[in-house]
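Just so you know, the protein sequences line up as chains A and B, in that order.
With numbering that gives the first Met the number 0 applied, the first sequence covers 0 to 220.
With numbering that gives the first Met the number 0 applied, the second sequence covers 0 to 450.
I should point out that these hints are in silico values taken from the structure, not numbers from a laboratory.
Every residue gets a Cβ at the ideal spot worked out from N, C-alpha and C, and that includes glycine.
One or more hints might be untrue.
To be verified - Below are the DSS-like pairs computed for lysine-lysine, each with C-alpha atoms no more than 27 angstroms apart in a straight line:
#1 K18/A - K215/B
#2 K215/B - K324/B
#3 K85/A - K355/B
#4 K85/A - K97/B
#5 K383/B - K18/A
#6 K93/B - K85/A
#7 K153/B - K140/B
#8 K153/B - K75/A
#9 K441/B - K6/A
#10 K72/A - K153/B
#11 K324/B - K93/B
#12 K107/B - K140/B
#13 K215/B - K196/B
#14 K435/B - K5/A
#15 K435/B - K85/A
#16 K181/A - K415/B
Claimed, not checked - Computed list of chain B residues with no C-beta within reach of chain A, every gap over 12 angstroms:
#17 L14
#18 P87
#19 V105
#20 T200
#21 E208
#22 V333
#23 K383
Stated by the list, open to error - A partial selection of chain B residues facing chain A, derived with a Cβ cut-off under 8 angstroms:
#24 R376
#25 P378
#26 F416
#27 D418
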Amino acid sequence: MSALSKKAIEERLSATDFKRLTVSPILDRRQIGPSSIDLRMGNVVMVAKAGGQSHVEPAVYKKVKDHDCVRYKQQKHERVDIPFGKPFLLHPGTLALVPTLEWVHLPVDLQGIVTARSSWAREGLNIATATIVNPDYRGIITLELANFGEIPIELYPGLRLAQIAFYVLEDAPTEGYDGQFKMSFEPAAGDISQDDDYFIPVKENKEKSATCSDGSDGCVV
Amino acid sequence: MRPVDFLKNECENLLSVLDQTLRYDYGLEGSREFYEECGQRLEYIQASLELVDPTNTHIVRELAVNLEFLSELVCRIERSSLGEYSWPFVEEFKEISKALCTEKRVLKDRVVTRVPNVHVIAEGGLHTYSIYSDANKQLSKRRIFIIEFPRTLKHYVLFHTILGHEMGHAIYNIPLIQNELDEIFIENFVKASPVFKDQPTVVQWLYSEAAPQEVKARLNHLKTEHSIDHDDFFFAHADYDAWLQEFLCDFIGLLMFGPSFLGAVCHLLYSNDPLGRQVNEEHPLTGIRANTLLLAAESLGYTEWKFDQSVQPAVDAFWKDVYEKQETDPWFKVISKEAVKNTVNKLQAFLASFPKTLYQAPDPENINHLVHQILDRCPPVGYKFTPEGPQYRHVDFRDIIFAGWIAQSQPGSTIKFSDINRLCEHGIMQQVSIEKMLENPKKSEDNKKAA
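This is chain B alone, in the form it adopts within the complex (with noise of 0.2 angstroms):
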């Protein structure tokens, strides 16, 4: 058999594998979206191949490529599974993804609009949040992103946020929006970095006296084990590239969903770099991002916001354990706080132009309320019953995540951190149906008058 031979034969199977996907039905909305567009894509490089020069080995291996490509695409419809991801979170990241991820493009006289395909899988290991962005314009109608869950981390919606670092990765691949992050990152944080301006500049620090004692461990293990020097570091170990866009990325989650993005980097970040000071190939040290981020939630007033008397001592506990993530060596201030903050406030004017993307500083009223109910064991929603009757709120899902993560820094509390995900994942699912009174207006109407 010939190769296109060969990958009309895959083809024919892959067809066959993209129907026998429809068997089940995946995602909230089904799977239809994304069974057009994969079919689409296989009907292009089918017809593809029956036109290509058998010979013309450069086209045969591109097709081959997209093809193979396309089977991961299908063979992840059947890894998501509703019932293996906390779609109540899904829901409302979805609704962000899309505002950020449509595209744009001006076709002579008219705007065309890409709407993203947005798809979540579940996976195993504790780290897999990721996004996977379809990057494929050739044969894309519609840009795919897989949103990746870790599976046994399911219902922990505290954790989920990290997942705002994910989608700074996911938006960084659509070329206009990467051109404007570049434009403010580069300028505003890389440029007035003492240590992140150039490549150089970060090994020269790196390599420095003034280390830690774990960073010169492994560079001399790098040396002695893998002939990797100051000359080569970036050239043949670590990604300089990779390491700013970390930063960025993390600006970004910051931004999407507030002081809940630091507490579950504290968490996940953590949990495998226990003391931040792992020198790994497409990440800064974990105490470097931790310390820039406190730098930006100071600069974005984050530590300042005022609560209730009753739930102030747990956000004080909640500031206590991020802060203790800290690192106070002299070596890990690798930017001034001027220069974060212009930085962050750069960003969030840029983000602020896509709906719903950022977080914005909630109302302590409706965050009391929120924890109070967490510590009453009850899903925490914009709901009261008072003795003049029901009264309902508007809630933003991140207001009752951030209320979640202050539950768990609750002083004396007793209730499980998986309890409190359960909680704030059920009451998540619950304010869609307040919301969706609330947004009829003979139904919130009743109830005034009810009342």
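If we strip away everything but chain A, and leave its shape as in the complex, we get (with noise of 0.2 angstroms):
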């Protein structure tokens, strides 16, 4: 796995066969570096409610619609949207979930990597997690917002705030891969408990679950 330059991401940007490389808009042609791409900060900020959860339940990620596993899905994070010029403030210790300005889409023989620009890391701010993204992976990337430092940070969209490098894979599918990703348009929670059923032990009827708090048997599976 060898890692791009800034002269063969900017041939895969311009490229028009199926090794093309999308990020869209790079506003500024200084974004590209010499092995990465800075990337900016959108215009949705979806900070998880402190208040709204006891603890993280990878249970209620096991039924899919039942009343209070949706609520709880629904409020774990409050959204809110940001204009060009309005500031969001990041308070020590919060993560917040923001999607990055450009559209990104990665062909087929390509990953990328995401991470902190060095002088956002200096202020406190870090990319929590989630540094892959796969290839053929289209769409906006969630950046998962933390703040280190002790005084909160403004952000305001449009800012650099992340940069993706990329790296080309060892027998990556060739065209006419069937890509298996949907268009991504905002951030969104994860499902934690996919594929893991089997490690979540089955709670016991009417056992009231953290996340149900009437005593209902809705969240218990």
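These two chains come separately, so use the hints to put the complex back together.
In structure tokens form, the structure reads like this:
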């Protein structure tokens, strides 16, 4: 696996075949560094509601269409839309999901790695997790921002917060690859129990789940 | 409690509710303007209630009506969460609304400009597109317009173009504009129509032997079930002036959004009137509206626009879809193409005085680029990366929507209509950032140098 240089990135961006890399729009050519492209903050922020739930409960992800489980997922984050020119204050210890301004599509032979820009990292801003962007991914990239410093950080949509580097995969599929990803338009909570159901114990019926305040068995599985 | 005391109490309640609305932020620009306008109106009502003679039932009733209207306005604030409507579209549409609805009044030696307060809410229902215009001149410092979107169609920016028609209704409530519009429309459309020139002629045409079976069945139903016959059709059932206003607002919508407006009309209006032959109280038959709009589109040259050969088949397919709605039955021919042309040309000239209002013929190269971006499942924007570096273009948000309509007509395309809408919505938002960059001369120059 080898990393793309600036020249290789620019060639990929202007390619017209299946090797084309899309990062749209790149508002400043200096966003393209020696081996990465800077990514800007988009206009939505999803902040975990501190008072919403007592803890993260993997069991609620096992059931899909249940009132309490849906409520848990829907109320987990507070969504804030932020226009250009308006600030968002990220407080210490807060986790916020934000989309990139750029729309990204990786060709089937490239993998992306997203990291914080060092200038922001020095201020305490951390791009927490999910650093790998899989081949053929199409959509915005969700940045999991966390303020590791001791003072709030004011953020504005359009600021360059992260960067993405690209790596060529060995034995990658070629043209005609059927992508597994749907287009992603805004950040959303992931499914933490996907395919791991068998590790999550079945709770006794009538047991009050952490997410069911009314004592119903809605979230008990 | 006397009525006047009850109203005073209700003022206290409303003040409390108004304060509670500030628990959340609404709209991109926040809620200050709306809050202050409503607060001032409430103060006026409260002051009037203190002064009014409690036995003067006429004024007390008038204040009650004003208070009730204000209460509705205040409660609508809470139904305007940003997450429930497409704010990228709304921000662009607000620009047009403000340009169109800003009022100027000459007061002695100075001109007072009143920029409207545009507020947006989402409501249930598929056909809830509407704009509430605030006609209360007595109380208002600034006119409030409330734009209503269907909650379920939040991301469907291609349909949102139907708001061009609703904007027509809104500006028709502004007296100065109404006079101008009436003059143009009555002179060029109403008087020139062999059917719509007056109420008796419309009734004669509706009840004629040549009318379609669906129309006859409906009129027969009105007669047998509601005792409404041709003599009192416009008295007891339909509203002639409202019918005329619909044609006028259709033309305004078309001029504002171009062919995209026709696309939205053909989808939304036919969704609850598949044949387009329903006789409605406030709307003329959908089939007639579609026919008239097609004549207008032809008159404005929309159907003659030519694009790149890779896009032209989709454009042709778009127009084919629209023309399928055309009623060929001679009964539906209610006006000549010449009269429609005169009307839209005059309306176009009038609306040209308001910045950003008219949809301009798009640059074919722009449309070509935007359509291909959508088909490539990328938000359509004025940006592309070439071997020479990034290139940027100014793009009107209406071009993005038109490109969306073309892309959805692309023969053989498998991209879903909902995805096209979301891509276009995202593109409108991204284009704002590109325009910001292009407006910044230094940044724009830097990019040129870097290239």
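Each hint tested on the structure:
no.	hint	in the structure
1	K18/A - K215/B	62 angstroms, violated
2	K215/B - K324/B	20 angstroms, holds
3	K85/A - K355/B	25 angstroms, holds
4	K85/A - K97/B	21 angstroms, holds
5	K383/B - K18/A	16 angstroms, holds
6	K93/B - K85/A	18 angstroms, holds
7	K153/B - K140/B	31 angstroms, violated
8	K153/B - K75/A	22 angstroms, holds
9	K441/B - K6/A	25 angstroms, holds
10	K72/A - K153/B	20 angstroms, holds
11	K324/B - K93/B	31 angstroms, violated
12	K107/B - K140/B	18 angstroms, holds
13	K215/B - K196/B	22 angstroms, holds
14	K435/B - K5/A	26 angstroms, holds
15	K435/B - K85/A	14 angstroms, holds
16	K181/A - K415/B	11 angstroms, holds
17	L14	27 angstroms, holds
18	P87	8 angstroms, violated
19	V105	34 angstroms, holds
20	T200	51 angstroms, holds
21	E208	54 angstroms, holds
22	V333	43 angstroms, holds
23	K383	8 angstroms, violated
24	R376	6 angstroms, holds
25	P378	5 angstroms, holds
26	F416	13 angstroms, violated
27	D418	6 angstroms, holds
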